[in-house]
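Asker: Chain by chain, the residues:
2 protein chains.
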Amino acid sequence: MIDRLIATLAARGETLAVAESLTGGLLAATIVSVPGVSKVFRGGLVTYATDLKHTLAGVDADLLAEHGPVHPEVARQMAAGARERCGATWGLSTTGVAGPGAQDGVPEGVVFVAIDGPQRKVEHLTLSGGRQTIRQAAVDAVLALLESSIVT
Amino acid sequence: MIDRLIATLAARGETLAVAESLTGGLLAATIVSVPGVSKVFRGGLVTYATDLKHTLAGVDADLLAEHGPVHPEVARQMAAGARERCGATWGLSTTGVAGPGAQDGVPEGVVFVAIDGPQRKVEHLTLSGGRQTIRQAAVDAVLALLESSIVT
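Top to bottom, those sequences are chains A and B. Going by my numbering, 611 is the number at position 79 of the first sequence; the sequence numbering is gapless. Going by my numbering, 662 is the number at position 130 of the second sequence; the sequence numbering is gapless.
A few of these clues could be false.
[Claimed, not checked] Estimated spans, in silico, between C-beta atoms of each pair:
id	chain 1	residue 1	chain 2	residue 2	range
1	B	Pro639	A	His599	40 to 50 Å
2	B	Pro639	A	Ala542	44 to 54 Å
3	A	Gly637	B	Ser660	40 to 50 Å
4	A	Gly637	B	Gln651	34 to 44 Å
5	A	Gly637	B	Ala597	28 to 38 Å
Honestly, the hints are just simulated from the structure, not real lab data. No experiment lies behind these values; they were computed from the predicted model shown. Glycine included, every Cβ here is placed at the ideal spot set by N, Cα and C.
Build out the structure end to end from the sequences listed, making use of the hints.
Answerer: Right under this line is the structure:
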């Protein structure tokens, strides 16, 4: 699926950037696994610590202070920040709790993914299966969200 | 190895940040695979496009223009930029050519990895085995460089 998505973006002359929290680089690494992806992939921000979501990706500090990092508006602003700071057509983001266990009262498996660009979407996921499965499922979900938005 | 390294850093109260080019998030994803890593891992920059090495990681633009992105001083400045912009004890970086094929005259498999922090080191690697093997070997090398520097 990732090869097809990159080929579609290349044909459209569009580029990608990411801002990742729970996936911690796995989304970028999945994209970069495709040979010749440099025409499409610009780069990204791994905003694992909450304060880096503000300083690196430009997420509103008051929003983070009030709602914490696992929130649909945080996901939306991360995707927008990735797109703007990396100069890409599309920004993709992930934020949530990979576990093991809850984090600041948010249960394991609660994840928000978002895309920003010509279309803007946020998706709320409830995932299970443990840390690595949840991270991989978040990557797959945000790539599917983008693909469903550009193949119309 | 990564679990032991993270446990060592946690015991020392030290933190990590990354700036990745050819590994494209794989270094961060390897670190984030460890449960409870949020005490140690701050985040990072995926500076896949050359211009993002300057804008996101603070690598000198003249250096990039003169020598291109695959250069030991670029690796050193990427590691320093990761450490500074993410507020970590240690910055780790990777830059090189994963292939397939040469890039701007630099052969596939030429890689520089660096660490910045209480100790500063740059290592020149000559790798083979194809794109995914080269990316994984670069991740392993920079983690080994850090581990050898803190276990004294």
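Asker: Run every hint past the structure and note whether it holds.
Answerer: Results for each hint:
1. Pro639/B to His599/A: 40 to 50 Å: holds (49 Å)
2. Pro639/B to Ala542/A: 44 to 54 Å: violated (25 Å)
3. Gly637/A to Ser660/B: 40 to 50 Å: Check passed, 49 Å falls within 40 to 50 Å.
4. Gly637/A to Gln651/B: 34 to 44 Å: holds (39 Å)
5. Gly637/A to Ala597/B: 28 to 38 Å: violated (49 Å)
In summary, the structure is inconsistent with hints 2, 5 from the numbered list given earlier, while agreeing with the others.
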